[in-house]
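**Q** Going down the list, the sequences are from chains W and Y.
What the first sequence shows, in my numbering, is residues 1 to 113, in sequence order.
What the second sequence shows, in my numbering, is residues 1001 to 1113, in sequence order.
None of these hints come from the bench; they were simulated from the model.
From the three backbone atoms N, C-alpha and C, an ideal C-beta is built for every residue, glycine too.
Please note that the accuracy of each hint is not assured.
[What the hints assert, rightly or not] Short, incomplete list of chain Y residues facing chain W, as computed with Cβ under 7 Å:
1) Gln-1042
2) Thr-1105
3) Gly-1106
[What the hints assert, rightly or not] Ranges of calculated distance between the beta carbons of each label pair, as one might list FRET restraints:
4) Glu-28(W) to Lys-1061(Y): 20 to 26 Å
5) Gln-1002(Y) to Ala-53(W): 19 to 25 Å
6) Arg-59(W) to Lys-1061(Y): 33 to 39 Å
7) Ala-1029(Y) to Lys-57(W): 44 to 50 Å
[Claimed, not checked] Taking beta-carbon pairs under 7 Å as the criterion, some of the chain Y residues facing chain W (in silico):
8) Tyr-1032
9) Phe-1034
10) Phe-1090
11) Asn-1099
12) Gln-1100
13) Phe-1103
14) Gly-1104
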Amino acid sequence: DTGVSQNPRHKITKRGQNVTFRCDPISEHNRLYWYRQTLGQGPEFLTYFQNEAQLEKSRLLSDRFSAERPKGSFSTLEIQRTEQGDSAMYLCASNTGGIYGYTFGSGTRLTVV
Amino acid sequence: AQSVTQPDIHITVSEGASLELRCNYSYGATPYLFWYVQSPGQGLQLLLKYFSGDTLVQGIKGFEAEFKRSQSSFNLRKPSVHWSDAAEYFCAVGAGTGNQFYFGTGTSLTVIP
Chain W
1 DTGVSQNPRH KITKRGQNVT FRCDPISEHN RLYWYRQTLG QGPEFLTYFQ
51 NEAQLEKSRL LSDRFSAERP KGSFSTLEIQ RTEQGDSAMY LCASNTGGIY
101 GYTFGSGTRL TVV
Chain Y
1001 AQSVTQPDIH ITVSEGASLE LRCNYSYGAT PYLFWYVQSP GQGLQLLLKY
1051 FSGDTLVQGI KGFEAEFKRS QSSFNLRKPS VHWSDAAEYF CAVGAGTGNQ
1101 FYFGTGTSLT VIP
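Whole structure, please, built from the sequences with the hints as guidance.
**A** As structure tokens, this is what we get:
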């Protein structure tokens, strides 16, 4: 069990560029979640997958955001045409069911300049 | 709708002193409740969870929390803080489906020698 792995750890991009983040969950976890955390706030839910199916999306996930989990293993989160308001820590988590809580990755910190 | 309130933005305690971090939640049914800890630049680590049974739950690193339904509270306690406990603490509530957690805005803990 190597934990939840997120890459890259940091990303600086210019406004208007596209960025993609990757998350590798714990291998036996069938659920994968994406959260966003801005400075001074708690994490906010973005979306969640059960295996390869994206079952729930937050209103925070605008049409510039897309997430995939093609084979039910790793997941990617893409942000198109980045804006300064997208600057945040993007956290990935996984588990086998909600009552067990999450195992979080270390996050990807995005800075849009 | 579910929500979590952490009324203390920042708390300072002396090393060796006791600690209590407050958490109040809003949820119509029996909630799943969690406490997470986050060190700077890191993801969140699960300290403890409650979803049924004994209302006093024990967690890692010597932490405990008590679920009080009548007060809609889930306060985190530690009898003697260590300098390494300095971090950000988040309370979270999960719905019955467990698909999405709602986090509070966090309490920042400073430990002075």
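**Q** Could you run down the list of hints and mark each one as holding or not?
**A** Evaluation of the provided hints:
no.	hint	verdict
1	Gln-1042	6 Å, holds
2	Thr-1105	5 Å, holds
3	Gly-1106	5 Å, holds
4	Glu-28(W) to Lys-1061(Y): 20 to 26 Å	25 Å, holds
5	Gln-1002(Y) to Ala-53(W): 19 to 25 Å	23 Å, holds
6	Arg-59(W) to Lys-1061(Y): 33 to 39 Å	35 Å, holds
7	Ala-1029(Y) to Lys-57(W): 44 to 50 Å	23 Å, violated
8	Tyr-1032	5 Å, holds
9	Phe-1034	5 Å, holds
10	Phe-1090	5 Å, holds
11	Asn-1099	6 Å, holds
12	Gln-1100	5 Å, holds
13	Phe-1103	3 Å, holds
14	Gly-1104	5 Å, holds
The structure fails to meet hint 7 from the earlier list, while all remaining hints are met.
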